[in-house]
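Trainee: So in numbering that gives the first Met the number 0, spot 703 of the sequence shown is number 702, and the numbers just go up one at a time.
Take the hints with a grain of salt, since some may be wrong.
Unchecked claim - Think about it this way: if two alpha-carbon atoms lie no more than 20 Å apart in a straight line, the pair counts; the simulated SDA-like pairs of lysine to any residue are:
(1) 131 / 145
(2) 957 / 131
(3) 957 / 926
(4) 119 / 195
(5) 200 / 259
(6) 279 / 226
(7) 131 / 176
(8) 893 / 708
(9) 953 / 966
(10) 893 / 969
(11) 800 / 815
(12) 321 / 262
(13) 800 / 974
(14) 974 / 984
(15) 945 / 969
(16) 119 / 200
(17) 279 / 145
(18) 730 / 824
(19) 423 / 177
(20) 200 / 131
(21) 974 / 824
(22) 984 / 824
(23) 279 / 248
(24) 800 / 695
(25) 200 / 286
Stated by the list, open to error - Computed beta-carbon distance windows for the label pairs:
(26) 983 / 288: 52 to 58 Å
(27) 982 / 759: 37 to 43 Å
(28) 899 / 256: 31 to 37 Å
(29) 852 / 796: 53 to 59 Å
(30) 983 / 899: 16 to 22 Å
(31) 178 / 223: 27 to 33 Å
(32) 808 / 981: 44 to 50 Å
(33) 410 / 247: 40 to 46 Å
(34) 342 / 288: 41 to 47 Å
(35) 983 / 349: 25 to 31 Å
(36) 247 / 899: 53 to 59 Å
Hints in this document: simulated from the structure, not taken from any laboratory. Where is the CB? At the ideal position from N, CA and C, for every residue including glycine.
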Amino acid sequence: MPRERTSGHPSSEEEAAAIWNDLNAKNQQINDIIARYTSAPVPSGHSNSRRTNGEIQRVLERLEKIPTNTVADAARAEFIHRLERTTPGHEYWQEGPSSNLVLRALINERSRLPDILLDKIVGPQEANRLFKSFMDNWNHGLGLLDPRLHSPRTVLQRCPLLFTVVLAIASRDYQDRPDLHAHLMQHAKLSAAAALTDGWKSADTVQALLLMASYPPPVARYTEDRTSLYIGMAVRMALDRNLDRASGVQWRTPEEKAELDNHIRTWRACVLLDRSSAVKFGRNPSIRDIGSLSYAPTGRDAQTIFEIRIFGVVNHFLYIAKSGHMANDYLARIRDANADIDGISDEIRHTPQLEPNTEYGAFSMQLLNLTMDYALMVINSFAFTKELEYGNTTGGIYLGECMKLATSSVARVLDRLVLFRQFKYSPDAWFEYASFSAAFLIKLMRPQFANYVDRPRIAGLIKRLVDMYRSPAVALRTDNHLPRLMSQFLENAARNIHEYQQAPRPSGSSRGLSRSPPTTPSPPYVEGTRFDAPPSEVLEGFVWDWFGDVELAQPESPDIIPIAEMIPQRLLDLFEQVSNPKAEPSSTDVSTDNHAANPLPASTRLVPFDNTAFLPPVPCNSASDLSPFPSTICVNNASSLSLPPRTSEHTHLAEFVVAYLTTSSGDQGKLDDIVAGIVSTLGIVPRGGPKEENVRERVAMFLGWMKPAQHAVFVAQNTNQANPDRVVTGKSGANGISSDLRWVSQSPRGEIVWRALTAPGDSRVFEMRTYFTGPSGWTVISDIDDTIKVSQVNNRIALLKNTFVEEPTAVPGMSTLYHALNAKLNPAWFYLSASPWQLYPFLNEFLTTSTPDAATLYPRGQLILRDMNRSAMPVYLSALTMGTREYKFDRLTKIHSWMPEPNRRVLLIGDSTQTDPEAYGDAARKWPGWVGAIWIRVVSGVDVSKEKELNAPKRFEKAFEGVDRRLWRTFQDAKELEAAAQGLKV
C-alpha cells in the first residue's frame, strides 16, 4: 500500500506531470527495443522463426523490467513505485508484458508458438480453414470471438491456447482429416493444463477454458469429467483480471471499446456457464456478484443475458430447496419461480436486439424458449418428485405440467431447432435439454402412470428424438458427439417399452445410418436420485440423476412409492396387493349409437354421485360456455356427448358424475386375504364383526377395475310427468369416470331421484339425487376430513383406522351449525374433499345418515372427490395430503364459473391440517366479490410436533395476506361461530 503523503512531496499536479513524462519515456524505450529486435535477422539454423533460449531470455528480461503504462493501472503502479522506492516487492503489483498486446504478440510469435504448428500437425492454410469454420459454425455457441478482434493471426498472437482450442473444436466436423480432432483435442487439454502453471492470465485464456467447458471431450465416467474444473479455472482467472468490473470502465477510442466489449462478453460467458453447470450438477453457483446486465450491443449479447437470468431463477429456487427453507411453502416457491420465468419470457418477446426476423434471431428465440422449457422442467420436476415422496403416486398437478413441458421441449428440437444449420454445431448443453425431458418422459412410461399419460405419443416422440440425434442433420461424423451418445442412451432406456417397440420410425430414417457403436459409453451421472428419493438427495446431483435413474432395460414392473415409516410394513404389503393385479379383465366398449336403448351390462357396477342443479349465469347451449375447467373427478380424456338443446322445461344445469367399475374372478380371494391381513395387523376384534365388514366394504371399492368407454341412462323417478326426464351420460374416460353437464327440469319437491336402466332380470338399483338451488344467495363449500368428520389426517395409523375400520365420527357441533346455516341462508351445498372417489359410498352415507334431530347429519349437497385408481392404493394415506391447494383451487374455479358473483356469495369452511387456508386465500384474492367469509377449524391433539407450525398465527396471516381481516377467522369449537353465522346477511 502507498505511504501517506508528507509535506516534502511535490503537489499532485507536479507528480502527475512527472509520472506521465516518465511513462512516455519508457514507452519510447519499449518501442526502441521492439524495433531493434524485429529488425534483426533470425539466426541461420533456427527453424519456425524460433530464437535461442538465451536470446529470448535476455529480451524478456529487458521488457519485463519496463512497466507497461498504457492504462491507468500501470500509471498507478508507477505512482506507487515513485512513493515507495525502498519497499521490497513493489514490482509485484505491476503489470507484466502480457497486458500489452503488442508485447504479447511479439513474445507469443517468437517464443510461444503452439505445438500443433511447431510439430506440423496442421499447416497455415489448414489452420486458416479451420478457423473460418469455427467462426462460421461454432462461435454462436457462446459468441465469444469478435471478428473485429479475432482473426487467425491475432488469436495466435493473443493466446496460443485459444488458437489451439478453436482449431480443435472446428476439427470435430473436418471431413478432410477425420482423425485430426483427437490429436488437436489432446493438445488442447495439455495446453490448458500448462496454462494453469506457466501461462499468462488474460481474457483470452479465460475464453479458451470456457470453450473447453462448452465443447468438452466425451468421457465414460463422471470422475473423468473436467467441465466444472475448466469453468472454475476460468471464473477464478476472470476475477483475477477484473473482468467482472469491465462494464464500469470508460473507453476513449474505438479500439478500447472493442477490447472492453470483449472483456464484458467473456465475463458474462463465465456467469452463464457457472449458473448452468450449477443446475446440471445440483450445486450452488460460485459467482454471486455478476455485475451489470444492462449492456447488450448485439442480439447474441442479449441472448446471453436472458440465459443468465433464466438459470438465475433456477439457481435461487434450488438454493432455497437445499437450504431446507421450503418444507412448508414449496408450492408457493414453485409458483414464484414459474412466474419469474414467465416474466422473462414476456421480456424476450419484446426485445428488439434479438432480431427475430433474421435467421440467427429466429434461432436465438427458439433456443431461449428451449432453455425456458428446461428451466421450468427442473423446477416442476422437483415439485413432481416432492409429490411422489409424500405419497401422491400420480405426482398431482405437476404430472400434467411436467408432461407438457417435456413434450414441448422435445417437440421444439424435432420440429423447429433442427431446421437451423447452427443447431448441429451447438454446445453440448443444448442437446442435454431435450434429452433431460425425454428421460423424464421415459419415466412416465412406468405402470403407475398408465392412466394419466398418452404412452403411444410419448413413445413416438422419444423414437423421433433418438433417430434425429443420430441423423446427419444433428450428429457429427465423430462417434462420440453427444447427440449420438444421448441417442444410444435413450434407446437403451426405452427398448423394452412395448409402445416404443411398436412406434413407427420417421419416414426416410435409417436405423443403421450413423449409429454409435455398441461400446459407446453412456453420459456420466451421479447416483442417488429416484422417484422416491427425498429432496435432499434429489438436489445433490439434480439433473444428471434423471438420466442416471432411467433404467428400463429390464421388462417393466410397477414401482411402489414408500410412505411414512410409522405404517407397519405388513400393512404396506397388503395395500401393495391391491395395486399389483396379475391381469386386467377385458371390457367391452359400449357404442354410443342408440345409447338410450342400451341398458347397463350386468358385469358393470355404477357409482353415481349426487349433484346440485343451478341456474346458469348466462344463457347457453353448450357445456363449454360454463365449465372450461377440469372435470369434478379428473383431468383425463373423459368424453362428453353434446349438451342437448335447452327447452322451456329445462331450467337448470347439473353435473352428472358416474364411475364405472368391475371386478375380476380373482379379486374376491385377494379381498379376503387383504381384509384378513389388515384385521390381524391392526388387532381388530372380534374377528368377523362389524369393523371387519367395514374394512371389506371400503377396500373392495379399490379392487374394482375402471371401465372406459361406458355410458349409462338415468330416468327420473319422483316426478309426475307422463314422460319423465332421462339423462344419458357421456362415455367414461380412461379412468372409468364420466362427467357431464346436463339440462334438468325444476322439481316441485326440491330434488329429483334418478335411477339407472339395467338389463332385464338385473335387480340392482343405482340411484343418484339432484338438489336444486335458487338463482341467488349463498353457497357453502365445506371440507370433510377434520372439518366435519374426525379423520386425524396428521396421524397415519389413526387416519387409516378412521377411514377403513371405524364408523365415522362427526366433529362435535358442526352438524348443528350447518343446519342452522341451512335454515337461515338456504344455500347451495358443496362438500369438497381430497379423499379418493372410491370412498364416495362411505362419505355420502356419513353425510346423509339420519339423526334424532334432522333427516340427515349434514345438509344435502354435491360431494366433490379426487381421482385415484387401484395402483395408488399403497400411497393413499400420503396422497390425501399432497397437492390439495391446487386441487381445491381448481375445483373452486369451476364452482365459481357455475355460480359467480354478483348473484352469489360463498362461505368457505375448512381446517388447518392440510392447505385449506392457502387455497381459500387464493380464492379470496382472485374473487374478492365472491368470497363472503372463510372459517378455518384449528385441529389440535393429533400430532403436536406438526400442529405447532400448522396452527401458528403467522401461517394464517401469510395464507390470507391481502384478504380483508374481517373476512376470515379461525375456531376450535363450533359454538365460536354462532355469532358469525348470525351475522351473515341473507
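Trainee: For every hint, state whether the structure bears it out.
Mentor: How the hints compare with the structure:
1. Restraint check for residue 131 and residue 145: the C-alpha separation of about 13 Å stays at or below 20 Å, so the hint holds.
2. Pair hint residue 957 plus residue 131 does not hold up; C-alpha atoms about 59 Å apart against a cutoff of 20 Å.
3. At roughly 18 Å between alpha-carbon atoms, residue 957 and residue 926 fall within 20 Å of each other, so this suggested pair holds.
4. The suggested pairing of residue 119 with residue 195 is violated, with an alpha-carbon distance near 24 Å, which exceeds 20 Å.
5. A hinted pair counts as satisfied when its Cα atoms are at most 20 Å apart, and residue 200 with residue 259 qualifies at roughly 16 Å.
6. Pair hint residue 279 plus residue 226 holds up; C-alpha atoms about 11 Å apart against a cutoff of 20 Å.
7. Simply put, residue 131 and residue 176 have alpha-carbon atoms about 16 Å apart, close enough for the 20 Å limit, and the pair holds.
8. Note on residue 893 and residue 708: the hinted pairing is violated, with a Cα-Cα distance of about 24 Å set against a maximum of 20 Å.
9. Taking the CA atoms of residue 953 and residue 966, the gap is near 17 Å; set against the 20 Å cutoff, the hint holds.
10. A C-alpha spacing of about 26 Å is found between residue 893 and residue 969, which places the hinted pair above 20 Å, so the restraint is violated.
11. With a CA separation close to 26 Å, the supplied pair residue 800 and residue 815 exceeds the 20 Å bound.
12. Of the supplied pair hints, the one linking residue 321 and residue 262 is violated, its CA atoms being roughly 33 Å apart against a limit of 20 Å.
13. Proposed proximity of residue 800 and residue 974 is contradicted: the alpha carbons are some 28 Å apart, above 20 Å.
14. Among the hinted pairs, residue 974 with residue 984 is consistent with the structure: their alpha-carbon atoms are about 19 Å apart, no more than 20 Å.
15. For the hint pairing residue 945 with residue 969, the CA-to-CA distance comes to about 17 Å; that is within 20 Å, so the pair holds.
16. At roughly 27 Å between alpha-carbon atoms, residue 119 and residue 200 are farther apart than 20 Å, so this suggested pair is violated.
17. Distance hint between residue 279 and residue 145 is unfulfilled; the C-alpha atoms sit about 28 Å from each other, more than 20 Å.
18. Straight-line distance between C-alpha atoms of residue 730 and residue 824 comes to about 37 Å, which puts the hinted pair past the 20 Å bound.
19. A hinted pair counts as satisfied when its Cα atoms are at most 20 Å apart, and residue 423 with residue 177 qualifies at roughly 17 Å.
20. At most 20 Å may separate the alpha-carbon atoms for a hinted pair to count; residue 200 and residue 131 exceed this at roughly 26 Å.
21. Taking the CA atoms of residue 974 and residue 824, the gap is about 18 Å. The hint holds against a cut of 20 Å.
22. Restraint check for residue 984 and residue 824: the C-alpha separation of about 8 Å stays at or below 20 Å, so the hint holds.
23. As the CA atoms of residue 279 and residue 248 are separated by approximately 33 Å, the hinted pair breaks the 20 Å bound.
24. Taking the CA atoms of residue 800 and residue 695, the gap is about 13 Å. The hint holds against a cut of 20 Å.
25. Note on residue 200 and residue 286: the hinted pairing holds, with a Cα-Cα distance of about 19 Å set against a maximum of 20 Å.
26. The hint said 52 to 58 Å for the Cβ distance between residue 983 and residue 288, and at roughly 55 Å that hint holds.
27. At about 57 Å, the beta-carbon gap between residue 982 and residue 759 misses the expected band of 37 to 43 Å.
28. Taking 31 to 37 Å as the suggested C-beta distance range, the pair residue 899 and residue 256 does not conform, at roughly 59 Å.
29. For the pair residue 852 and residue 796, the supplied restraint of 53 to 59 Å is violated, since their beta-carbon distance comes to about 32 Å.
30. A C-beta distance of roughly 19 Å is found between residue 983 and residue 899, which places it inside the suggested range of 16 to 22 Å.
31. Checked against the hint of 27 to 33 Å, the pair residue 178 and residue 223 fails, with Cβ atoms roughly 22 Å apart.
32. Taking 44 to 50 Å as the suggested C-beta distance range, the pair residue 808 and residue 981 does not conform, at roughly 27 Å.
33. For residue 410 and residue 247, the hinted distance range of 40 to 46 Å is satisfied, since their beta carbons lie about 43 Å from each other.
34. Between residue 342 and residue 288 the C-beta distance comes to about 22 Å, which lies outside the given range of 41 to 47 Å.
35. About 47 Å separates the C-beta atoms of residue 983 and residue 349, a value inconsistent with the hinted range of 25 to 31 Å.
36. One distance hint, 53 to 59 Å for the beta-carbon pair residue 247 and residue 899, holds here, with the actual separation near 55 Å.
Hint check: violations occur at hints 2, 4, 8, 10, 11, 12, 13, 16, 17, 18, 20, 23, 27, 28, 29, 31, 32, 34 and 35; the rest are consistent with the structure.
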